[in-house]
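Undergrad: Okay, here's what each chain looks like letter by letter:
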Amino acid sequence: MELEQLQKTAAEVADREDVKYVIGWKKGSYGYRVAPGFIEDAAGAAELIFSPLCTANLATYLTLVEKLPVPRGQEADDRKVAVMVKGCDSRAVAQLLVEKGIGREEVVVIGCPCPGVVDPELLAEKYPETEETVEIKWTEDGFLLVRGEEEIEISRDELLAEKCRLCRYPNPVISDVMLGEPVETRELVEDEGVAEIENRDVDERAAYWEEQFAKCVRCYSCRNVCPLCYCQDCILDRLNPTWVNRAVNFSENTAFNIARAFHLAGRCIECGECERVCPANIPLGRLNRKLAREVRDKYGFEPGVDPEAEPFQASFKPDDPEDFIL
Amino acid sequence: MTEKPKVGVYVCHCGINISSTVDVDAVSEYAQKLPNVEVARTYSYMCSDPGQVLIKNDIRELGLNRVVVASCSPRMHEPTFRKAIKEAGVNPFFLEMANIREQCSWVHEEIEEGTAKAKKLVGAAVAKARLLEALESKEVDAEPAALVIGAGIAGIQASLDIADAGFKVYLVEKTPSVGGRMAQLDKTFPTLDCSACILTPKMVDCASHPNIELLSYSEVEEITGFIGNFDVKVRKKARYVDFDKCTGCGDCAAACRVKDRFPSEFDQGMGKRSAIYLPFPQAVPAKYTIDAENCLFLSKGKCGKNPKCQEVCGAEAINFEQQDEMVEFKVGAVIVATGFDTFDASRKPEYGYADYPNVITGMEMERLVSASGPTGGKVKIFNGKEEIEPKEIAFIKCVGSRDKSVGNEYCSRVCCMYVAKQAHLLRDKMPDANIRVYYMDVRAFGKGFEEFYDRVRRENVRYIRGNPSEIFKRGDKLVVKVEDTLTATPLEDEVDLVVLGVGLEPRADMREVMDLLRLSQSPDRFFLEAHPKLRPVDTATEGVFLAGCCQGPKDIPDTVAQAKGAASSAMIPLARGKVTIGAQVASVNEATCRGCSFCVSICPYTAIEMVTVNRFGHEVEVARVNEALCKGCGSCSAACLSDSIQPKSFRDRQILPQIAALGVLK
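Going down the list, the sequences are from chains A and B.
Mapping to the numbering used here: the first sequence position 5 is 5, numbers consecutive.
Mapping to the numbering used here: the second sequence position 491 is 491, numbers consecutive.
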């Protein structure tokens, strides 16, 4: 996809009367940083980029829009919000539509077919971050790192994010405007991360998660970044009843993480944002993908693929398997 | 909650039901020390009048505003105590029951264990009682009409009773005629009344009754709503015969190009009918129906030059353009009388039902001995070579009943007697025949049954105790291989005819009826009644009642009795004209509801809808509960991610302290 086309489209959309702003990616302040950009007019569109560094799922911002009380005599601003989405991000939009988190008329979806983004941790590990701004581009079969005069060819396998290795929806499943040509869809590959844990026995698994959850600092970054964790009044914050105590200890951390995973079963669209932002490096992606796999294998349901689908939690068939109920 | 909770705790002995494994005094003493408990007492039967008076007096004298009764299941006496405290001026929903009988005394043997658990349960109930909220029950109007599904003897009787009481009845029957199984029977045990003679007048009555709207050859497509206010959609299937014009003369059937080609359902496939047919001569309504699958014109688009039926019909009643028609109406109560299927004998391959023409079922024998049957009542059977009058006849009982191998553990309750009756009828027709009955047990439990069984045995019908293992052919004869278990003698009995006493099974299509009315099945797969003893015709869905064999195998007297019971139960809301709707329904916190509508899709009672509300200037969608439809099941609450919908009296903040109280006590 040409940058020029992206910026031109963004400018057109931002200028539309019924659009409040366009949410896209823009260069960050240093190194590999990429920041979300909120573009209100055509001029701002020049800042936007799309590169293997654009890991963030911008669909999160759709539900963060605060609906402030409308003063008497005024009308609510019900202009649309435009958002740029990769394949995985588009699934979040589709799932939001399914569960009425947003209305179709509230959003303009700008689809960006995505060859796969880099794993920021791996990147920083192998090519330490510097203060100067660095660009990374997609090449035929990998990435090209451009730092000043220097150009480094990097193979796809070396830096590709885990979620992208497993991705079967690199092309947006829903869009109003599609940028560029669709990218090649890859076949379903074994989720080694999940399989590795599944193959352990119960005690080992318990010990594994105990170790992981013990690290949790309860910063709630995973919840805040998640495009599908958007209840205004999260039950995990409630005091009466207190489902999860505020104390940061293994028991409460486990309750928090398990509750979040269960609330996402059949809803998580595997964008991997929770894992990316976790300061404690808890493999939350594996946890959520395990539940997604159960839902897919047992019920043949995959969230965020069809915006018209019946929500998984709210659909029931008489022959649904229930062998896991003790 | 402005007033301070003042809880009274009442621990019931229930005779020795509770007191034998629970030290009720210790429980009462323990309860006395719990927070907010003003008084704790025990009494031998809390549900009795003196027991209730005890509670009422305490309410008046001590100013109690919450009551905990520790006794049996709330399914049993919750209404009793609600009423009692209401009479003493306390909101009836300020009652909490601790089930220390079914869930405690009955399952423990040691008094220490039972007492410790009873204390926990009472402590938990007190914890919740303090947090209960006052609720009000509401009343809505009830439609003074009933829907009866199925027009066998159960449906007919229920319809007649309700119609005679002055209420409108919609009687829906799937087949072209009313009458059901009973119409197929020859004589009825043990009195030997002719089945048709006692049934046909009722069939005619229900068709001509001014209060009954008979919808034959129709199926219920959809039922929504709730007790007092069910909305029903019925599909009247196309008969391709104008109902009003048809005189029932039968010229069409006689002229049909495919005359007498298709197995007659009424004659169990032993007789033949045309593509246009009346199921049987006494059918009600006496209107012909075209079987679209077999009619040449309807299936192939061509029937000679012109369809013969159309040519001969003087009334010009044949209408090939006819379409299914949808009928909609409203009723206050529903009676399900969908009947049974007979056991498919080919599922017991050792009896050779599918292989030998002279192995027949009891229902086939019924048609064979009937004067209106395919042979005009002559017992003639094809033995694979020729048609003979059987001389050696064996009956086998419990085919498909009391048999775990086919998944039917239950007794079908009618086979013992219909086999005895058929043996008697055969003896009547063939005095020199050798008739024997292979049985496991003889269950002649009803009025006049034992006497009839005795009479049949005296008529030289031999009863041999043994369950045949196999039936095979030897020459022109069938060999029944069996052990006479009373004499421990293995037998190879050569016979001309075997009659299988097949049992009763739930209808194959009962799943559809279950979905239609949200009914459940008992372990035997028949419909589940609300309580096996005290609510035998009610179902878990209020306003829906059961009659006849859809609830379990029954003979005709029991079926009629149950139909009359169902009719009188169904008439309660109709006669009252009002129904009380539950107060323990779900409620929505519209401030936190995010409008995902999961609850709408998951609600089994379609009780929730989305409405648009104004939230500080923004139009947002939130869930709203129709309290008349809601049963308070809590499914919505389980689906809600933001905990914004919860059943009243079962809110998290009420249940969690209850659970906590169970945990803290050692």
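I should point out that these hints are in silico values taken from the structure, not numbers from a laboratory.
Just so it is clear, the structure is predicted and the values come from calculations on it, not from any experiment.
Worth double-checking, as some hints may not be accurate.
[Unchecked claim] Here are the simulated lysine to aspartate or glutamate pairs, DMTMM-like style, with alpha carbons at most 20 Å apart:
(1) B:Lys481 to B:Glu386
(2) A:Lys100 to B:Asp260
(3) A:Lys20 to A:Asp176
(4) B:Lys473 to B:Asp509
(5) B:Lys378 to B:Asp432
(6) A:Lys317 to B:Asp643
(7) A:Lys67 to B:Glu61
(8) A:Lys67 to A:Asp77
(9) A:Lys100 to B:Asp496
(10) A:Lys317 to B:Glu221
(11) B:Lys236 to B:Glu222
(12) A:Lys20 to B:Asp643
(13) B:Lys236 to B:Asp324
(14) A:Lys67 to B:Asp403
(15) B:Lys236 to B:Asp251
(16) A:Lys317 to B:Asp515
(17) A:Lys100 to B:Glu590
(18) A:Lys317 to A:Glu294
(19) B:Lys174 to B:Asp509
(20) A:Lys20 to A:Glu47
(21) B:Lys477 to B:Asp454
(22) A:Lys317 to B:Glu222
(23) A:Lys27 to A:Asp176
(24) A:Lys67 to B:Glu387
(25) B:Lys391 to B:Asp432
(26) A:Lys137 to A:Glu151
(27) A:Lys100 to B:Glu619
(28) B:Lys86 to B:Glu61
(29) B:Lys174 to B:Glu139
(30) A:Lys317 to B:Glu386
(31) B:Lys330 to B:Asp454
(32) A:Lys317 to A:Asp306
(33) A:Lys100 to B:Glu621
(34) B:Lys578 to B:Glu139
(35) B:Lys473 to B:Asp403
Undergrad: Quick check: which numbered hints come out false for this structure?
TA: 1, 2, 4, 6, 7, 9, 12, 14, 15, 21, 23, 24, 29, 30, 31 and 35
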